[in-house]
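Next come the chains, spelled out residue by residue.
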Amino acid sequence: MTYLNEIIGGGLIGLASALPLIWEGRIAGVSGYAAGALRPNNANNTHSLIFIIGLVLGGLIWKLNQGALPPISTQTSLWVWGLSGLLVGFGSRLGGGCTSGHGVCGLGRASPRSLASVILFMGAAMITVFVRRSF
Amino acid sequence: MNKLIYLISGIVFGLGLSLSGMIDPEKVISFLSIGTPVWNPALAFVLGSAVPVYFIFFMILRKKKHTLNGTVFNSPPIRKINKRLVVGSVIFGIGWGISGICPGPALTHLAFIDIPFVVFIATMILGFEIEKRIQT
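Read top to bottom, the protein sequences are chains A and B. Residue numbers for the first sequence follow our numbering, beginning at 751 and rising by one. Residue numbers for the second sequence follow our numbering, beginning at 49 and rising by one.
Take these hints with a grain of salt, some might be off.
Said to hold, decoys possible - If we take Cβ atoms under 7 Å as the criterion, some of the chain B residues that face chain A in the derived model are:
hint, residue
1, Ile77
2, Phe140
3, Thr156
4, Val166
5, Glu179
These are computed hints drawn from the structure, not numbers from a lab. Ideal Cβ positions, reconstructed from N, Cα and C, are used throughout, including at glycine.
Could you build all of it, start to finish, from the sequences and the hints given here?
As C-alpha cells, then:
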C-alpha cells in the first residue's frame with residue numbers, strides 16, 4: 751500500500767499528541783512545548799522540557815536504526831534558514847500554535863480557530879513556495 | 049508518572065515525524081508545491097491520519113469527563129478568530145514555506161546536528177522571545 755509510512759507515522763503523531771490530553775487534559779503542540787521548555791520553572795514547563803528531550807531522543811532512535819539521514823536541501827543558504835526559523839518562532843507564538851498545535855490538536859477537536867489557522871498557514875506556505883520557485 | 053508520560057509522548061512524536069517523512073524538508077516543499085508537476089500529496093496522509101486518531105481520544109475523554117489521572121475534564125472554551133491568530137498564522141506559514149521546516153521536525157532533527165537545523169532552532173527561539181517581549 752502506498753503512503754503506508756505516512757499513515758502509520760501520522761497515527762503515531764496523533765497518539766503522541768493525545769497522550770497528555772487523556773492523561774491530564776493538556777492540549778499542547780510542539781511550539782507551545784518548545785517555548786515552555788525554555789523556562790522550566792513550574793510543573794507544566796518542566797513537562798514541556800521533558801517532551802522536547804523525548805522528541806530529540808525519538809529522532810536519535812530513528813537515526814540509529816535507519817543509518818542514512820533524510821536528504822537536506824543544501825541549495826538554501828544559512829541566512830534563509832535563519833530567517834525561516836525567526837518567522838516560524840514568532841508566527842507560531844503570535845498565532846498560538848504550529849502544525850501540531852493547530853493542525854493535529856486543533857483540527858482533532860474541531861476548533862474553528864484552528865481550522866482558520868491551518869488554512870491561513872498552509873495557504874501562506876504554498877504561496878511562499880510558489881514565489882520561491884518563480885525566481 | 050507525569051514525567052514518563054511526556055517522555056513517551058515526545059519519543060513517539062519524534063518517531064512519527066521521522067517515519068512519516070515530515071523531517072525531510074524536500075518532501076514538505078513538494079507537498080506545498082500544489083498545482084505544479086512536482087506536487088506530492090504524501091504529507092496530506094500524515095495529517096489525515098493524525099487528526100482522526102486525536103479526535104477519537106478527544107471524543108472518548110469528553111464522554112468520560114475524567115482524565116486518566118482522575119481530574120475532571122472541561123472542554124476548552126471556543127475562542128474567537130482574532131487579528132493575532134490571522135497575522136501569526138500567515139507569518140508562520142511564510143516561515144514554513146521558506147525552508148519546509150516547522151518546530152517539531154526541527155527539534156527531532158537536533159540529534160543529527162546539521163548546521164541548518166541548529167541555525168533554524170536558534171532563530172526560532174529568538175522569534176519566541178521577540179513575541180514574548182511584544183506581548184508584555
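Tested hints:
1. Ile77: The hint holds - B/Ile77 has a Cβ within 7 Å of chain A, the shortest such distance being about 6 Å.
2. Phe140: holds (3 Å)
3. Thr156: holds (4 Å)
4. Val166: Since chain A brings no Cβ nearer than about 9 Å to B/Val166, farther than 7 Å, the hint is violated.
5. Glu179: With Cβ-Cβ at 4 Å, under 7 Å, it holds.
Consistency with the previously given hints fails for number 4 only.
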